[in-house]
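> Residue-level listing of the chains:
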Amino acid sequence: MTCHEVREGLSAYVDAALDPDERARVEAHLETCAECRHELAGLRETVALLRRVEPARAPVGFVDRVVAAAGPRPWYRRVVDAAFLPLSMKLPLEATALVMVALLAVYLFERTPELEQAARPETSRFEPAMRADRPGADRARPEAPARERREPLFADRAARAVPPAPAPAEAPPPARAGGERDVAPPIAAPPPAATAPAPTAAPPPPTAAPGAKAEIRAETKKEVPSANVTGAPPRPELESGQRALESSSDSTRAAPSSPRPAAKRALLSADVVARVAVKDRDAAERDLAALIARVGGSVTQRRREDEATVVEALIPQPRYAEFSESLARVGAWQVEAERPDLPAQVRVILRLQ
Amino acid sequence: MREAEAGDAPRFLDRLRAGEATAFEELVMTYQHRLFGVALRMLGNAGEAQEVAQEAFIRAHRALPRFRGDAKLSTWLYAITSRLCLSRLASGERRLARQGEDALLRLSDSAPGPDAALERGELEAALQRAIAELPEDRRIVVVLRDLEGLSYEEIAQVLELELGTVRSRLHRARADLKDKLERFLP
Chain R
1 MTCHEVREGL SAYVDAALDP DERARVEAHL ETCAECRHEL AGLRETVALL
51 RRVEPARAPV GFVDRVVAAA GPRPWYRRVV DAAFLPLSMK LPLEATALVM
101 VALLAVYLFE RTPELEQAAR PETSRFEPAM RADRPGADRA RPEAPARERR
151 EPLFADRAAR AVPPAPAPAE APPPARAGGE RDVAPPIAAP PPAATAPAPT
201 AAPPPPTAAP GAKAEIRAET KKEVPSANVT GAPPRPELES GQRALESSSD
251 STRAAPSSPR PAAKRALLSA DVVARVAVKD RDAAERDLAA LIARVGGSVT
301 QRRREDEATV VEALIPQPRY AEFSESLARV GAWQVEAERP DLPAQVRVIL
351 RLQ
Chain Y
1 MREAEAGDAP RFLDRLRAGE ATAFEELVMT YQHRLFGVAL RMLGNAGEAQ
51 EVAQEAFIRA HRALPRFRGD AKLSTWLYAI TSRLCLSRLA SGERRLARQG
101 EDALLRLSDS APGPDAALER GELEAALQRA IAELPEDRRI VVVLRDLEGL
151 SYEEIAQVLE LELGTVRSRL HRARADLKDK LERFLP
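These protein sequence lines map, in sequence, to chains R and Y.
Be aware that the first sequence starts at 1, since it is given in the working numbering, and climbs by one per residue.
Be aware that the second sequence starts at 1, since it is given in the working numbering, and climbs by one per residue.
Simulated from the structure, these hints should not be mistaken for lab results.
Careful: at least some of the hints might be erroneous.
Just some of the chain Y residues that point at chain R, by a computed CB distance under 10 Å [stated by the list, open to error]:
#	residue
1	32
2	54
3	67
4	70
5	72
6	79
7	83
8	89
9	90
10	91
11	152
12	177
13	186
Glycine included, each C-beta is placed from N, C-alpha and C at the ideal position.
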């Protein structure tokens, strides 16, 4: 065993950390090597010196500071800490998630017309056509919200279904804007073909914002009843009747070749909308004309379609009861909508089919 | 003399794991000087040593529920403290060690006479300086062995080293110290 090898093990020898064989070899070498014995003595004295050093003592108050810093955590805090993220991370994450969900919902709603229609079944189907018919009214609403981006969907439909009225006299004045909610659907009373412009000549007004205005109209329904075209109170039941009529002629409405601004105008001021089931339309038309003449009324519009004839008439209110009774002889009729308080001249729209 | 070894008694460990505040306080009281001493010898600065010792206890406090008891509690605490010290020394963020007397004066709480104090102060300053000049990997071994009294096996466990590595590092550290402290040797 060389001196170098022995000295490598001397430190462990001092600590009695050598195994018996190593220890025996080191002791055998030390008996014969004075230099290594000197080295061993020096190591022993160094270790003794180190062990004389007084142990360090933590400063006064150390325990209190550590305990305060560690903070005794109650059991429920430990469970929460282990199970969840810290609040400082969780709150911003939750807030971000909420905002993201909200943005996603708005985005989907904006991008999905079907969803929007489902959300507003009362207005979305009719309002665009009326807007297209009322550029003046549209311009009178600068507050029309920023939903115009999706307008083309509705504006296009509206333009196809109901182009603007060609005659200036027939154009509704802007002052009627507030009463648009009360207007009738664009379908029930088709106009004379002579007054119907070509669909291509009826672009939607540049400011048209059907979806937005439909919403506004829905919101202002209860606020502006006095803006009604006829000055009559709101007629929610009329609207439902108009929808029924409209749905019965969807195919007609969707066709670009059959714009009916006059029908819409008629419905704007209709007081009664009814459907009359007849066997012979020609005979029924004659009977109806005779009945109207008998009660002192007048036919203002008549339009023959493939499946029905739409007749619009003015009936003097005092004789409306007689008219309605006699109408039963023309055919089985059913009131789709009726204004509660009829004006002096009751405007009636009848669909013979 | 050091405090009596805090019991690794199952009951005490259970109380610690259960987060009992008084048990943790007992733990800190028992080991405060040892952990502070290791940090002081390693860092050479009382302020830093206090920071590190406190951090070691706080980390232990967080990890106590998961302490399985495979190692002795003291070994585990020394391991946390040693890692913190070595990490701080290696980080480069460590503030310049203030080799001030404040640290050295804390080495003893005895009240020796003026001559003895001078002699002791000189020796301890030389010791502190010699230890501080050791490479960090040797310094931690000699501190744990000769100042804290850990066995070779415990040091190997604390520092996650082979037993032979502990032995050779300790030998080199002692040999360095012997040369530097020669004038204090008989």
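> Each hint: holds or not?
Taking the hints in turn, this is what the structure says about them:
A least Cβ separation of about 4 Å between residue 32(Y) and chain R falls short of the 10 Å threshold, and the interface hint therefore holds. Against a cut-off of 10 Å between C-beta atoms, the interface hint on residue 54(Y) holds, since the closest Cβ of chain R lies about 5 Å away. Hint status for residue 67(Y) relative to chain R: violated, with the closest Cβ pair at about 14 Å, above 10 Å. A cut of 10 Å between beta carbons decides the hint on residue 70(Y): the least distance to chain R is about 21 Å, and the hint is violated.
At about 19 Å, the closest approach between the beta carbon of residue 72(Y) and any beta carbon in chain R exceeds 10 Å, and the interface hint on this residue is violated. Checking residue 79(Y) against chain R by beta carbon gives a least distance of about 18 Å; that is not within 10 Å, so the hint is violated. A hinted interface residue such as residue 83(Y) counts as satisfied when its beta carbon comes closer than 10 Å to some beta carbon of chain R; here the least separation is about 18 Å, so the hint is violated. Because the smallest distance between the Cβ of residue 89(Y) and any Cβ of chain R comes to about 17 Å, over 10 Å, the interface hint for this residue is violated.
A cut of 10 Å between beta carbons decides the hint on residue 90(Y): the least distance to chain R is about 22 Å, and the hint is violated. Given hint, residue 91(Y) at the interface with chain R, is violated; its Cβ is 21 Å from that chain's nearest Cβ, farther than 10 Å. Given hint, residue 152(Y) at the interface with chain R, holds; its Cβ is 5 Å from that chain's nearest Cβ, closer than 10 Å. Satisfaction of the interface hint for residue 177(Y) is found here, the shortest Cβ-Cβ separation to chain R being roughly 5 Å, below the 10 Å cut-off.
Because the smallest distance between the Cβ of residue 186(Y) and any Cβ of chain R comes to about 6 Å, under 10 Å, the interface hint for this residue holds.
Hint compliance for this structure: hints 3, 4, 5, 6, 7, 8, 9, 10 are broken, all remaining hints hold.
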